[in-house]
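Produce the entire structure from the sequences given, and follow the hints as far as they go.
As a plain string of letters, each chain reads:
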Amino acid sequence: MAQPMSRATRHVSLNEAMLFEKSSPGKRGMELPPLDVPAVDAGQALGAEFVRDPVEGFPEVSEIEVIRHFTRLSTWNYAIDLGMYPLGSCTMKYNPRVNEFVARLDGLASEHPLQPAELSQGCLRILRTLERILLEVTGMDAITLQPSAGAQGEYAGIAMIRACLASRGNPRKKVLMPDSAHGTNPATAATAGYEVVNIRSDASGRIDMSHLAEILSGDVAALMVTNPNTLGIFEHDIARAAELLHAHGALLYMDGANLNALAGVARPGDFGVDVMHMNLHKTFSTPHGGGGPGAGPVAVKKHLEPFLPIPVLVEKPDGKLAWDARRPQSIGRLRAFYGNFGVLVRALAYALAYGPGMVEATRDAVLNANYIRKKLEDVYELPYQQPCMHEVVFSDARQRKNGVNTMDIAKRLIDYGFHPYTTAFPLIVTGALMIEPTESESRQELDLFVEAMRSIAAEAAETPELVKTAPHSTRVGRLDEVTAARKPVLRWKPEAR
Amino acid sequence: MRYLPKSDAERRAILDELGLASIDELFASIPESCRLKRPLEVPGPLSEKEIIDYFRARAAENAAGYTSYLGAGVYNHLRSVVADSLLQRGEFLTSYTPYQAEISQGTLQAIFEFQTLMCQLTGQEVANASMYDGSTATAEAAMMAARLTGRRRLLISRALHPEYRQVVDTYAGDLGLEVAELAFDAKTGQTDPDAARAAINDATAAVVIQSPNFLGVLEAVPQFAGLAQGAGALLVVAIAEAVSLGAVRPPAEADIVAMEAQSLGLAPSFGGPFAGVIATREKYVRQMPGRLAGQTTDSQGRRGFVLTLATREQHIRREKATSNICTNQALCALAVTMHLALLGKQGLREMAGQNLAKTRYAVEELEKLPGVRRAFSGPYFNEVALEFPRSVRMINHELQRERILGPLPLGPFFPEQTKRGLLCVTELHSRQDIDRLAAATRRAFESLGVGARETVSSPAER
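Protein chains in written order, with this note's numbering: chain A, 1 to 497; chain B, 1 to 462.
These are calculated hints, taken from the structure and not from any lab test. Take these hints with a grain of salt, some might be off.
[To be verified] Below are the EDC-like pairs computed for lysine to aspartate or glutamate, each with C-alpha atoms no more than 16 Å apart in a straight line: (1) A:Lys375 with A:Glu495; (2) A:Lys22 with A:Glu65; (3) A:Lys374 with B:Asp16; (4) A:Lys27 with B:Glu350; (5) A:Lys374 with B:Glu61; (6) A:Lys174 with B:Glu17; (7) A:Lys375 with B:Asp16; (8) A:Lys493 with B:Glu282; (9) B:Lys368 with B:Glu319; (10) A:Lys174 with B:Asp435; (11) B:Lys37 with A:Glu136; (12) A:Lys302 with A:Glu136; (13) A:Lys22 with A:Glu360; (14) A:Lys487 with B:Glu282; (15) B:Lys37 with B:Asp24; (16) B:Lys320 with A:Glu195; (17) B:Lys37 with A:Glu360; (18) A:Lys174 with A:Glu214; (19) A:Lys493 with B:Glu125; (20) A:Lys320 with B:Glu48; (21) A:Lys173 with B:Glu319.
Right, dumping it as structure tokens:
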């Protein structure tokens, strides 16, 4: 059924049972050095009411079986290391290996967060250097590296806005956001106790400024905006939006998910942004790892600095770094300790590798997205015609006439050896195909992607069933998500005898 | 630049195809006034070797080479090189969240295995694919309890990790939840059940305790479950030291367990990245935050896995989601899964047993010194609050001269406890290490002028 392909070929992929199904009593994959102090009886040490039996159902497998188990599982995944990962708004760029190496160094990975500050100066210096670099890239005044991911950064940012407005007398009730916003934006505003109000996008895909002016009131705490937005378009009225908000006593929050389009080119701090988060697992190359860990630092202007989460890194007169937790106006603590330190180490390693040259990455990312736009605009509908920045959004309008939608095309892309692009987002484009190549793709890789997309467009016209039933080359076909949600099976259990 | 796979000639060729003279033209939509008109003033560029040298120099400014007895939410345990080498396979390291199930089955099956392991450890029915850490898991568990009960009051043990408590306060504050504190018994170190009995009422959403608690003492989970559930409230149990579950009865009676899985295979790494977990009863799953992998089948009946029950999550439900969490700690959860696969049923039990033995050996050795006694009588796992004849800060200052990081001073967290410190001993401390700690503490006492007959005012009962 599948067509001949230039990029991908099938190869044998090994089946692998669940860890628990490979288990048999008495095996183990790890041994401890022998106990060198007198053994104690757990029942006597803890008391009968506190002691447990060995963990029921826990796996018992040998070292080689563990190696093969996870190696086989790994071969079932797609990854950046295998090829282009064009997920829009996810910035799946190359994850440099030296970053992994330095994050594991003895003296960094081994350090305890509660050891004395005088014995943590190396860790603190790393954090300070990263803070300075991120402030220079964003043009902001102060920063926290504590948030564990973008969504927690958003939460910190909105909580700071709330605290700032409360200190001026009224925290207000509403947070505005464009209808093209990422799902975490409304979820964050709700978590921080705000009502969400959507702003329309105009014909060019940007915030409708007249709608913004219309709904601004004394009830509005902030506007959350992604810039460039999720259509890959720069909000060129951003400075005017900031002025408008400020005139109404509201603040401008920028979602920095798309900072990869701006680093070294334009700084949010220079166009009126009051607070922003950035996703270091996007722009600063820390590995996505199948869903995390990330890091979501939040940078603010001077007037929001008193509200930063505790603790704040400070430099003492003798040049030593220390944590300051006595900050009465702080929004409080977001998580235990100081953030995903190991992720922050990797981000700094990335920034140091480029230096001021990180603007070259930005330029290549935008160049790549526009190359794809140019090469595909005759076969896929382009709802917003202007040149894009780091990502391009098409729609499935032409293919839908043959019953083929964006998800079908995305799934068919798998057969060609690519990870799908982002489907059906942003919501303001019906049947969106959101493509972000990043700077990490060579011309050859881009051309293979273009060839695959063009070939699928032809298939959608000529043999739509082939596309609608894709993928055809994977270990499993499309999975039954409805049953998975209706009758959830969320853990392994032994077969009933 | 080595990370950029294009030559200038290739850039030129692409520009020609776009009909452009320069890449600058692609940035035309950014108004002049918004642009940065100078190069970034940042350090670099550095070659790979220079990067390694830079971080080695920073590492040398820390406490490498010290023997540490710090715990308090971050634990140093044996880890195998096997797990870390597997973890660095690019197919795990450089893959995205497994939304595209057909090419993410590896990550999905591993998450499903993680969820299973967490259920087995905690005695709960369902567990999620991870939260940021133990502290945010605790805050999310408290908010989940508020949603489930429709009530707005949280009763939180004073023996909950103080930083976890601060995180709960941050999140609860924005939602207008009321937080009240439950005292702990000065003698046992356990949360006072009488205080709980007096405070619980029909406005209580959750009682939040930690076991082992911040003072190292195990809590009577079934008793608090009875008290909370008797009043229509939920019991949330936080666990910061998950290795304890190799020996300690799991909190099966809890309604929600909020766990930090760091001690199961993750490096201390100056406080993160770690892996939080929420585990709960099946009937509460639709109010649980965070991703979930579920088992299903494809059109040919083959077993496969998908992310499921996404109608709880932000990308579907937007402002009505159970939480705003998106990116979690997937790779950390995978590291935990690998570590537990290696350690297995016997290994975990043996590790927990060694922690029990070594901690007790350390307590015996230190109690031979004048004025050193356990501060609390309640049962403990691998952390113990000790009473000293001088301030812990002063003693630690002496110990640091011998490259030992001594017990964590409790004074900053509990003002009445300046002469108390929290000592954590794991399987990684050899008998020789512990003997050296005892000898160094003895020398510290001598230089601080502690008399041989000095005793503490109120020794705990044994």
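Hints and how they fare:
1. Proximity of A:Lys375 to A:Glu495 is assessed by CA-CA distance (about 53 Å); at most 16 Å being required, the pair is judged violated.
2. A C-alpha spacing of about 8 Å is found between A:Lys22 and A:Glu65, which places the hinted pair at or below 16 Å, so the restraint holds.
3. Only pairs whose Cα atoms come within 16 Å are accepted, and A:Lys374 paired with B:Asp16 is accepted, the gap being roughly 12 Å.
4. For a cut-off of 16 Å, the pair hint linking A:Lys27 to B:Glu350 stands: about 14 Å separates their Cα positions.
5. Pair hint A:Lys374 plus B:Glu61 does not hold up; C-alpha atoms about 51 Å apart against a cutoff of 16 Å.
6. Taking the CA atoms of A:Lys174 and B:Glu17, the gap is near 46 Å; set against the 16 Å cutoff, the hint is violated.
7. Proximity of A:Lys375 to B:Asp16 is assessed by CA-CA distance (about 13 Å); at most 16 Å being required, the pair is judged to hold.
8. As the CA atoms of A:Lys493 and B:Glu282 are separated by approximately 14 Å, the hinted pair is consistent with the 16 Å bound.
9. For the proposed pair B:Lys368 and B:Glu319, the alpha carbon gap of about 59 Å is over 16 Å, so the pair is violated.
10. Distance restraint check for A:Lys174 and B:Asp435: the Cα-Cα separation of roughly 61 Å exceeds the 16 Å cut-off, and the hinted pair is therefore not satisfied.
11. Distance hint between B:Lys37 and A:Glu136 is fulfilled; the C-alpha atoms sit about 13 Å from each other, no more than 16 Å.
12. About 14 Å separates the Cα atoms of A:Lys302 and A:Glu136, which keeps this hinted pair within 16 Å; it holds.
13. Only pairs whose Cα atoms come within 16 Å are accepted, and A:Lys22 paired with A:Glu360 is rejected, the gap being roughly 49 Å.
14. For the hint pairing A:Lys487 with B:Glu282, the CA-to-CA distance comes to about 11 Å; that is within 16 Å, so the pair holds.
15. Annotation: proposed proximity of B:Lys37 to B:Asp24 holds, straight-line Cα distance about 12 Å (limit 16 Å).
16. Our distance criterion of 16 Å between C-alpha atoms is met by B:Lys320 and A:Glu195, whose separation comes to about 11 Å.
17. Taking the CA atoms of B:Lys37 and A:Glu360, the gap is about 15 Å. The hint holds against a cut of 16 Å.
18. With a CA separation close to 14 Å, the supplied pair A:Lys174 and A:Glu214 stays within the 16 Å bound.
19. For the given pair, A:Lys493 sits about 11 Å from B:Glu125 by alpha-carbon distance, which is consistent with the 16 Å threshold.
20. As the CA atoms of A:Lys320 and B:Glu48 are separated by approximately 28 Å, the hinted pair breaks the 16 Å bound.
21. Between A:Lys173 and B:Glu319, the direct Cα distance comes to roughly 14 Å. Compliance with the 16 Å bound is thereby established for this hinted pair.
Consistency note: the structure conflicts with the earlier hints numbered 1, 5, 6, 9, 10, 13 and 20.
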